[in-house]
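There are 2 protein chains.
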Amino acid sequence: MSLLIVGSIALDSIENHQGSVNDVLGGSAIYASISASRLCDDVAIVGVVGKDFPKEHIEFLEKHGVNTYAIFFNEGLTFRWRGRYNNLNQAITLETSLNVFENFDPVIPEDLQDSSFILLGNIDPEIQLNIIKQMKKPALIAADTMNYWIIKKIDALLEMLKHIDILFINNEEIKLLAQKHYLYDAYQKALNYGPDILVVKKGEHGVMVVKKDSYFFTPGYPLEKVIDTTGAGDCFSGGFMGYVASQGKINDHILKQAAIIGTISSAFNIESFSVDSLTKITHDHIMKRFEDMKKYTQFD
Amino acid sequence: MSLLIVGSIALDSIENHQGSVNDVLGGSAIYASISASRLCDDVAIVGVVGKDFPKEHIEFLEKHGVNTYAIFFNEGLTFRWRGRYNNLNQAITLETSLNVFENFDPVIPEDLQDSSFILLGNIDPEIQLNIIKQMKKPALIAADTMNYWIIKKIDALLEMLKHIDILFINNEEIKLLAQKHYLYDAYQKALNYGPDILVVKKGEHGVMVVKKDSYFFTPGYPLEKVIDTTGAGDCFSGGFMGYVASQGKINDHILKQAAIIGTISSAFNIESFSVDSLTKITHDHIMKRFEDMKKYTQFD
Chain A
1 MSLLIVGSIA LDSIENHQGS VNDVLGGSAI YASISASRLC DDVAIVGVVG KDFPKEHIEF
61 LEKHGVNTYA IFFNEGLTFR WRGRYNNLNQ AITLETSLNV FENFDPVIPE DLQDSSFILL
121 GNIDPEIQLN IIKQMKKPAL IAADTMNYWI IKKIDALLEM LKHIDILFIN NEEIKLLAQK
181 HYLYDAYQKA LNYGPDILVV KKGEHGVMVV KKDSYFFTPG YPLEKVIDTT GAGDCFSGGF
241 MGYVASQGKI NDHILKQAAI IGTISSAFNI ESFSVDSLTK ITHDHIMKRF EDMKKYTQFD
Chain B
1001 MSLLIVGSIA LDSIENHQGS VNDVLGGSAI YASISASRLC DDVAIVGVVG KDFPKEHIEF
1061 LEKHGVNTYA IFFNEGLTFR WRGRYNNLNQ AITLETSLNV FENFDPVIPE DLQDSSFILL
1121 GNIDPEIQLN IIKQMKKPAL IAADTMNYWI IKKIDALLEM LKHIDILFIN NEEIKLLAQK
1181 HYLYDAYQKA LNYGPDILVV KKGEHGVMVV KKDSYFFTPG YPLEKVIDTT GAGDCFSGGF
1241 MGYVASQGKI NDHILKQAAI IGTISSAFNI ESFSVDSLTK ITHDHIMKRF EDMKKYTQFD
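Protein chains in written order, with my numbering: chain A, 1 to 300; chain B, 1001 to 1300.
It cannot be assumed that every hint is accurate.
To be verified - Below 35 Å or equal to it, Euclidean Cα-Cα: the simulated DSBU-like pairs (lysine-lysine) are: (1) A:Lys211 <-> B:Lys1152; (2) B:Lys1152 <-> A:Lys225; (3) B:Lys1152 <-> A:Lys288; (4) A:Lys189 <-> B:Lys1288; (5) B:Lys1249 <-> A:Lys180; (6) B:Lys1051 <-> A:Lys202; (7) A:Lys202 <-> A:Lys189; (8) B:Lys1256 <-> B:Lys1137; (9) B:Lys1225 <-> A:Lys212; (10) A:Lys63 <-> A:Lys256; (11) A:Lys152 <-> A:Lys51; (12) A:Lys189 <-> B:Lys1202; (13) A:Lys137 <-> B:Lys1295; (14) A:Lys202 <-> B:Lys1180; (15) B:Lys1136 <-> B:Lys1063; (16) B:Lys1249 <-> A:Lys288.
These aren't lab readings, by the way, just hints derived from the structure by calculation.
Using the sequences and the hints given, assemble the complete structure.
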């Protein structure tokens, strides 16, 4: 079924232990949509770029199965981010130029208002709410957020949480959101805000899925080499939601598989800069690692 | 089969968010042996205490199935450690008094030289080697170490590694030991030093078992409340080795189960100060959580 992904589209410049790249395709909506399109054949992206955005990137996205119909070309420059990694996992932001992304508050085209599955990237919760209101019959809505919005826009965030089914978050953010010292208490309180499912991202340590009365854990997929971790979290969310949309529904069985497949998608992503390695994989590559993950975690 | 555990015996004083305790039973050999004795009925401890060590503690250990025959009472005071936790996982050492532990270099009593399974706590690798040399027919030797010995006694440590089957370590330590930037490379190099199995302890994120050609991951067992994490790593090792000794051998099946059971033992431990909660549990409590762990990790 159809998956709509809303978030940032950026041109990233990255320096790390592997070298450096300039103005490569990035942003949460890009990473998530390429990741989702490995699993789901009806993925559309909503975002904004400037007139300087290379047309090849649009062709590239279309070629990889992402509907770009709702990428808006506005006057001005595309969102740019420049960062440096001094270790594998934590980037220092050297420069952020929001440019056209600063006033991003999209009107969803009418045919995309019928999308069944919605993934809202980490943007202003007021904008997330505006998008939710435009959707006509969503089967499932998932959203990402971060410390910045928890601190700056807690009221809008709490309102937004009432309308979603799945929240992507990390342990520091959930404690801040719930104002609780113990994670268990924070999870329970956050589940009372609205979402039925918390997907707690733990970086290299994998992911934990929390519901009112259950847990599910997946480790990170072990890799020999890490090239660039930019976008890893978004590739997780994209792979997760791409798989859920491909199944057309969610239940405990699909939820666990989605967590595994999101983790695998994220691992493919960090084996290159930008989305290069993700675009080279097929469904079979993912399923090969899915079988590996069974070996790495199953016991009796 | 018989399990011999060598390490520190201490009187700990701890301050944390839950309160404080003074001169409670602690030390790596204590935590590991109590943990192991939940699973294995032939556990002996080798350690040293001062004349001030309360006789009740000896009775307590014996009552809980730990053979205390090789706890040596030396002139002087028992090893004492005083620490404060400002968060749940990281203690600041306020005071360490090695006392009688400073010159710990035990002569293993003859009947214990026949022990089949050996767990060497985190002590000077020269002492670990001296102990290994005294063992007559060990089926399996496991050892713990830490940054301090990697920096101060690398030659003795590398020699010790030639004689063991399992190394308990964490990711920072393994990178330091192997002098490798990537964990994958560090694991491969460390496996070439001698041990067939690395058990990588990741605190709240659980444990990873690494062999030349395989991985196994277990998450931490999720808890509602954390009381005191002191000794958690030793309770993991003790539970792990107690289970292996109870099976009388190791293979991939037993290895995975041991990692799960070690993780569960560690979780019971952090639900109280000292070894209080561990001594209240039975084999059935462990197996209940073993079934939980299946639900938390199994998918298809």
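**Report entry** Hinted pair Lys1225 (chain B) and Lys212 (chain A), Cα distance within 35 Å
**Finding:** 16 Å, holds
Query raised in the report: Are Lys1249 (chain B) and Lys180 (chain A) close enough, with their CA atoms no more than 35 Å apart?
Result: 44 Å, violated
Query raised in the report: Does the structure keep Lys1051 (chain B) and Lys202 (chain A) at a Cα separation of 35 Å or less?
Result: 47 Å, violated
Query raised in the report: Under the criterion that the straight-line Cα-Cα distance not exceed 35 Å, is the pair Lys202 (chain A), Lys1180 (chain B) satisfied?
Result: 23 Å, holds
**Report entry** Holds or violated: Lys137 (chain A) to Lys1295 (chain B), with C-alpha atoms at most 35 Å apart
**Finding:** 33 Å, holds
**Report entry** Satisfaction of hint between Lys225 (chain A) and Lys1152 (chain B), Cα-Cα up to 35 Å
**Finding:** Within the cut-off at roughly 30 Å; holds.
Requested in this report: Starting from Lys1256 (chain B), check that the Cα of Lys1137 (chain B) is at most 35 Å away, please.
Outcome: Given that 35 Å is the threshold and the Cα spacing comes to 25 Å, the pair holds.
Query - Pair hint Lys1136 (chain B) and Lys1063 (chain B), alpha-carbon separation not exceeding 35 Å - result: Given pair Lys1136 (chain B), Lys1063 (chain B) holds - Cα atoms ~28 Å apart, limit 35 Å.
Query raised in the report: Taking 35 Å as the top limit, are the C-alpha atoms of Lys211 (chain A) and Lys1152 (chain B) close enough?
Result: 47 Å, violated
**Report entry** Restraint check for Lys152 (chain A) with Lys51 (chain A), where alpha carbons must lie at most 35 Å apart
**Finding:** 30 Å, holds
**Report entry** Holds or violated: Lys1249 (chain B) to Lys288 (chain A), with C-alpha atoms at most 35 Å apart
**Finding:** 32 Å, holds
Query raised in the report: Is the Cα-Cα distance between Lys189 (chain A) and Lys1288 (chain B) 35 Å or less?
Result: This hinted pair holds, its Cα atoms lying about 27 Å apart.
Checked against the numbered hints given earlier, the structure breaks hints 1, 3, 5 and 6 and satisfies all the rest.
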